[in-house]
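Q: One letter stands for each residue in the lines below.
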Amino acid sequence: MNKGGLLAGMLGAATIGLVVIGTVWPVSSARAYAGGQGLLRSSSTPEAAVQNLGDQIRAQAWQRAYESLANKAQFTEPEFVGDLMGYYPNLRTYSGVDHVEVFPLHASDNDAEVQLKLYWSTVVGPSVSTRDLHVVRDGDHWVAEWPIVKRPVVPPQVIPVNYLRWDVIYRGPGDDWGTQDVESPHVRIVDMHPVQRAEGLVILGELLNEDVVPAYVSVTATLLGKDQTPFATEGSFDKISHLLLPKQVTPFLIQFPGASLSDVQSVRMTPFSTLVPASADPVIEIDNEHLNPAPGASLTGQLINQSGQVVNVAHVLGTFYDSTGHVVWIADQYVDSALLPQTPVPFEIHIPEDLARKVSSERTVVASYTAGGVS
Amino acid sequence: MQKSESLELPQRPISMSLLLMAAVAVHLPLLLMKLPLKSYDTNFHIFFASHYLHHWFDPWNPKWYAGFSQTTYPPLPQQWVALVSHAVGLDLAYMAVQLAAILLLVVGVYRFAKLWVNPRAASIAALASIFLGSESFLVYSAGQLGTTAAAPIYLNALPFLFEWIRRGSWRSFVKASILFTAAAAAHHATLLFGSFFFALPVLALAFLDRENGVRVSTPAFLVRTLIITLAVGAAIAIVLLPFWIALIHYPVTQTPIPHPSRANYILSPQWGLNYFVVPYGALILALPFIFMRGSMVARLRPLLLGFWVAFLLGLGGTTPVGPILLGRAFDVLTMERFSYWATLLALPFVGALAAELFARYRARAAVSLAVLATFTCALAVGWTTYHPADAEDFDVGSAASWLNRDGHDQYRYVTLGFGNKISRLAMMTDAGSVDGEWNSGRMLPELTRYGGGPLTSSKYFGKPGLDALRAMLSHADHYGLKWVLVRDHYYDPLLSFAGWRPVDNLDEDTITIWSKDGVPPATPVNAPQMPPHWQGLMWGILPFGSSILAILVLLIPEKRQQEAQAKYRFASDEDRVPGRMVS
Chain G
1 MNKGGLLAGM LGAATIGLVV IGTVWPVSSA RAYAGGQGLL RSSSTPEAAV
51 QNLGDQIRAQ AWQRAYESLA NKAQFTEPEF VGDLMGYYPN LRTYSGVDHV
101 EVFPLHASDN DAEVQLKLYW STVVGPSVST RDLHVVRDGD HWVAEWPIVK
151 RPVVPPQVIP VNYLRWDVIY RGPGDDWGTQ DVESPHVRIV DMHPVQRAEG
201 LVILGELLNE DVVPAYVSVT ATLLGKDQTP FATEGSFDKI SHLLLPKQVT
251 PFLIQFPGAS LSDVQSVRMT PFSTLVPASA DPVIEIDNEH LNPAPGASLT
301 GQLINQSGQV VNVAHVLGTF YDSTGHVVWI ADQYVDSALL PQTPVPFEIH
351 IPEDLARKVS SERTVVASYT AGGVS
Chain H
1 MQKSESLELP QRPISMSLLL MAAVAVHLPL LLMKLPLKSY DTNFHIFFAS
51 HYLHHWFDPW NPKWYAGFSQ TTYPPLPQQW VALVSHAVGL DLAYMAVQLA
101 AILLLVVGVY RFAKLWVNPR AASIAALASI FLGSESFLVY SAGQLGTTAA
151 APIYLNALPF LFEWIRRGSW RSFVKASILF TAAAAAHHAT LLFGSFFFAL
201 PVLALAFLDR ENGVRVSTPA FLVRTLIITL AVGAAIAIVL LPFWIALIHY
251 PVTQTPIPHP SRANYILSPQ WGLNYFVVPY GALILALPFI FMRGSMVARL
301 RPLLLGFWVA FLLGLGGTTP VGPILLGRAF DVLTMERFSY WATLLALPFV
351 GALAAELFAR YRARAAVSLA VLATFTCALA VGWTTYHPAD AEDFDVGSAA
401 SWLNRDGHDQ YRYVTLGFGN KISRLAMMTD AGSVDGEWNS GRMLPELTRY
451 GGGPLTSSKY FGKPGLDALR AMLSHADHYG LKWVLVRDHY YDPLLSFAGW
501 RPVDNLDEDT ITIWSKDGVP PATPVNAPQM PPHWQGLMWG ILPFGSSILA
551 ILVLLIPEKR QQEAQAKYRF ASDEDRVPGR MVS
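In the order they appear, the protein sequences are chains G and H. Sequential numbering of the first sequence, starting at 1, is according to our numbering. Sequential numbering of the second sequence, starting at 1, is according to our numbering.
Excised from the complex, chain G in its bound form (with noise of 0.2 Å):
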């Protein structure tokens, strides 16, 4: 072979290595648009099953998951997509698999127990489920089994709702928000202090509407150095229920990251009220509350959907207090499921190991979103 073919050769073949090289070990970016694997992955021990089953959820490659399951005969593809996302528009509906993690819990010659943790990130912030599988061993592979949760059944029935309502007239059509001439709902912030945490300094408190018509309301805190200049505001952003029905409370809790009380001089509060039309539907009922010590700390318990529509995400805002009442700590939960006409829903709130011994007590709220109710 002359110098020029030698040299065609050896392009051929160094572009041709570099191919496989970048399919067999792709590059991150690439590994991330190919679902997080590479071109040979294969199940040969139990972990590497369910990680590729995590990764096949992650690219919502539905069939090829449903496929690769060793239980698929008792369930169609539908309710298993169903079973993860959810058979109502929920949290899971606005969400995607951010990754992935896999535990061997237990493991055998022939099976073995994993767990897969689906780390969503969903429209309203991050999200984490747990499931745990049984996984065979299928000749020289293991294969997972799906544990499979059927869709709750709701029998037909009537459900009368018997509930508030206000209306605001306004002045034209043309009026927008904020614009209006009338006065604002009265509201008052009933508790508040500040709290050095790791991550920065929490403005924690509760704003009451002392009002009797309905509120819309925020709060924003300034914090003012020792000479008495603003240097950091922030808003209370979805740690506060915004719709106040008359003599309601809701928590507020408001975020500096990476601030510090002793910088602090004073915090300048401002409760924002307007007057919004409301109603008190749908009622949502809080059940079988219970607070669990530490360690793992949490406030446990069921929603109850009392109305006769589907609340599509729900938004539990725990306050807890310490043995004389003051607020100590202000947590919250999206739930991910929908919550079903008289269908339970549970939902659990962690609390702060540091703070979980000095809670005595608690108060939970809950915000809810439905679709197509908005507009």
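Be aware that one or more of the hints could be misleading.
Stated by the list, open to error - To be clear about the criterion: a stretch of chain H counts as covered by chain G if any three or more of its residues have a C-beta under 8 Å from a C-beta of chain G, and this derived list gives those stretches:
#1 189-197
#2 303-317
#3 322-333
#4 460-469
#5 496-503
What the hints assert, rightly or not - Example chain H residues on the side facing chain G (calculated, C-beta under 7 Å, incomplete):
#6 SER268
#7 SER295
#8 MET296
#9 SER474
Calculated from the structure, these hints are not laboratory results. No experiment lies behind these values; they were computed from the predicted model shown. Glycine is no exception: its CB is placed at the ideal position from the N, C-alpha and C atoms.
Position chain H relative to chain G; hints supplied.
A: Using the frame of chain G, we list chain H on its own:
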């Protein structure tokens, strides 16, 4: 017999006028149909141009990112769009500038290819450039005006570089320097990478040819190379000074944003189709010839190596070459431009192959190559239909009208689910947004920290995108962000729980406007990044001036070369094995 037949065929190049007419015939109807408006980036360029139209000497644009500097992107094609728009409006001005770039490419490819192959093969290469899949892909699907405008200017500069190195012609030196500067004013990355993929092979060719015809000593070669490098470097430093100042003061340190051109095209075949099959088209069939001919012919080897490296980089994450050679830039750049450059570098080979096929198989070759070229071009043009940038076309006029009335434009807004229509909306409204499509120009920490792209498409960027959206919404008061225009109900729960309320509906309820109460009116932010007035003057004069100067110096006639082109040993005349075409 075949060999004797081929000798009787005309070896004259296709005339330039015919080539330009062919380019007009193929692309003018497509551009008059405004097909690029459906692409990813066309509206972005028109948005920039619209700012230059009204504020030629003020590159500070308050309509995106609560204010950003347009000195972060070379302005030349956009300024031409702004200028031409005085006559025909922005959309048609864009099409006119794009057509000019396509015509310049034909000329540039011919001149560049003539360095490597005989004039007939070069003219066929120029003809092939009209049907080049990557060109149509960038024009009609990607909408990369900067890249497609800079490359032809660069290609046209290279023969002057060659002449300067070979003969020391000062006319060529001046023309090369000014054209390189104009190319940089059109697109900085083209100049940077073009130096490696295009200029280095040409310098290597000049070195290889130093004993051929007019002799060039090695010291003379080195001195001339150094002189033009310094001259061009200084010119670009001055012409794009505001760009460099912005880059030095505010380097692009934001978290990288994922782009599918960095995927592995085998593991993700849908992206392989998009970024390899469509841009290359029938050129894929010529790859074996390119490798064989480029290796066999000594003076084609620099071109082959330039092609090979660009080809590998254009494969994105299919090979580890991108991350190795580009480092962090691999996560910042998009890779389709490398495929574009690779196909441009392949054209001289394609011209040579086609010339030989014509000579050998005549009508059969002509028909086959015409079919393949047409198919390649048609696939890339039609790709916008099968793989549209926006799944749904819609008018943003009602949203713009809403923002422009009743004082709504005192506040900033952000859209959700508008895709790349945000550029069009920004052009039509007086209100400012905290979002935008020029990721390298954004400075707001809520946007740069997470690695998401435009907020309007947050959900497609997964956790980083949604984190950025939540961060921005949580600081709505700070930015005077009062309005969220929503076309995708995916985001409704977040808005609802975060204290926003729907206040209006537009376009038969397809667009919902959400509002946050208590937000103060928008005030200017990002003041430190605002370029001073002298930079605005430079930005308005020098880049555009470089293109005017380039046009003027091109009118200076070249000295008639005493040395006939035939004296060069073109690739098609040397080292070939009889009877081996593609071997």
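Q: Hint by hint, work out which the structure violates, then give me just those numbers in ascending order.
A: 1
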